[in-house]
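Let's have the full structure, built from the sequences with the hints guiding it.
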Amino acid sequence: MKKLILLTGLVLALLFFKPVRAQSYKPYLNIPVTQYGNLLTPLPNAWTGGFNTPIFSPIDLNGDGIKDLFVFEKEGASQFYFRYTTYINHGTANQVDYEDAPEYKKRFPQNLHDWAVLVDYDCDGKEDIFTYSYSGGMSVYHNDYDITGLHFHQVFSLVYSNYNGIPANLYVASNSQPAFADVDNDGDLDVLTFAITSYLVEYHQNLAEENFGRCDTLVFNMATGCWGHFGLNGLDCGYMLGVSCFNAASPQLTDVTGLTQLHSGFCAIAPDMDGEGDKEFINGDVHCSYLQYFTNGGTLLSANMISCDTLYPSNNAIGNPPAYLYYPQLGPHYFDADNDGNKDLIVAPCATNSKNFNNVLFYKNTTNNTINDFTYIKNSLFVDGMIELGAGANVSLTDIDGDGLQDMLIGNYIYTDQIPAADHAAVAYYRNTGSTTNPAFNLMTTDFSNLSSMGVSGLSPTFGDLDGDGDKDMIIGGSDGYLDYFENISGNYVMTQVHINAANGNPINCGLFATPLIVDLNRDGLLDLVIGEKAGNLNYYENTGTVTNFSFTFITNTLGGINVTLTAYDINGYSAPFIYDSLQHYQLMVGSLSGFVRKYDNIDNNLGGNFHLIDSMFFYEPIRSTVAGADINGDGKMDFLIGNNSGGASWYSDGNTVSVNEIHAGNLFNIYPNPASDLLYIRFEKPSKHEIIIVDILGNRIFSYCKNSFTETIDLRKWSNGMYICKVIDDGVIKNQKFMIRH
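Counting from 1, position 713 in the sequence shown corresponds to residue 721 in this note's numbering; the numbering is continuous, with no gaps.
Hints are not guaranteed to be accurate.
Stated by the list, open to error - Simulated pairs of lysine to any residue, SDA-like, Cα-Cα distance not exceeding 20 Å:
| hint | residue 1 | residue 2 |
| --- | --- | --- |
| 1 | Lys607 | Asp589 |
| 2 | Lys34 | Asp68 |
| 3 | Lys134 | Asn170 |
| 4 | Lys645 | Tyr594 |
| 5 | Lys75 | Ala109 |
| 6 | Lys743 | Tyr33 |
| 7 | Lys607 | Asn580 |
Keep in mind that the hints were calculated from the coordinates and are not lab data.
Spelled out as structure tokens, the structure:
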């Protein structure tokens, strides 16, 4: 009987194991990061990864009754490039006290895109997910929190509304964010959004209470297309009050030129800000550099905006400025950020090209939730506790000060400031102030060697002794595709003032967004160049000079046969290479636009052939991942530093949780195409009886069967987009390989 129990347990373990790689890398969060010599005050969430266009949504992640935080990164969040982070709120009274908790990210659906807002629609006290769907619509995921923890399932793939007897998708653009509120105070959730055909606000009333006497569903009817009797003129930040809703069924708003203006982007909330029961409207518009605050002087049944503050929050006190983030379309948020019981006003960018550092404005509610007086506190809420370098993080590691410890030098795409002329790219220098076993980093400068003076965006540094004098020189790539050389003279990097030329005398230019790596690729004792670029391929320039006088000769722009675009139809890949030696065999990691970091081997003695893809999703750090590595903690294993487009970076360390029954698929079976669309093919090296199990990123079993075959074909046309893991059990050994579905 005991043997039977043990056997049953083993079978269950094999079938439902949590997938791990042969080396299970986990976020390495306990490396302290300080700034400018203040070694006693480490950043609380250093490795979160930065914010560019965050959407903040409170949610109880761990079931302790305290509202934690889910942050969706709107910038670049297309259907396959998305990023979000999760934070536990420790609930310390009168303090902003959130801690990065990346383990909860996996609990959320993996195909949220464009925008995602969490709000409770079914009155169970748990926030559900509203996100962009397709063709100007939105989908909804229900929060199914239970004893197993947080998880979601989709309840509406597309939300519909009744437009004067005609059911159609409740229109919301991918670049806009509707206001979710109980507008009529009847207990169910309504939606306010700008109409597709005008600059008026549509009120989509939820009739769940009216029709069914309950609030646990969504049954929308467009009650009016002219809610609040106001409109925007569509040309600037102008507005009109007292608009006559002459045709509420299909209203059109006409400006003074007689042309109907269409609305092209907004982010809004609709809280009751004065305690009167009706809803105000706070709008961050594509035409407005500041927030618009519309005061509702009407009733629950007939909203009527009677005034508009176009410099909200309006307060003439010194040091209390209105919300401004360099670029129009701000994102207003209304929640208790500092655990004092009062909801605060948080403002962040809601569109790209906005301010990308010091870009989360904190206005503290100094009264209560019915008066709502806001006092400006700072422009760096949350981001002042993390590595935040504007947009982009091109990571590199080198012992820059010669103390035997690996330092971090991170270039960025750009710092966008409030003055356009001040926009610049630079390289941040984090000195390793720890030890060989306990790393710690201190920010020394955000403009290493005054590289911002180059006037080039997208700076990507790499280091190596190129002149044979024993110290590390630097090569910088930029968005213009050129490379520049900086010689290290007594610790000062002096630019040669010219682009690096190839052996033929022409400047090296690989297209756009050159991401160079100095490495002795052919192992001849001379440092070569491997260069990634926007197109997604890798360029190889061999050093045909000497140890003291480098000369780079172009060899190929298809090194290893590698291209990191997701499909053959994509034109952008943003390849970012890193090569390291593992047991005297080179391993190649390549970051990409999608965030997937691919791993390759079969490099040595094969520079003219195709490298072997070990893992197409070794790491996932969306979007525009870059990678560097070193044994940062002295355990004899390679740790990896991954940068992302939000201006942050994350360390990953080998968790040493190797499963003896699990190896990577390798050449034992292949999956293609990857990403897949309609059909997925699984081809084995030899026919044998095997069990195939496919799970989603949360470990939920999607598909399984047992069969003896050489090739399998799986129809994916009804499957959802996202990442999946294919597991094969063969003779007691588990093999796994990841793939993506992209319809």
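Hints the structure fails to honour: Failing hints, ascending: 2 and 3.
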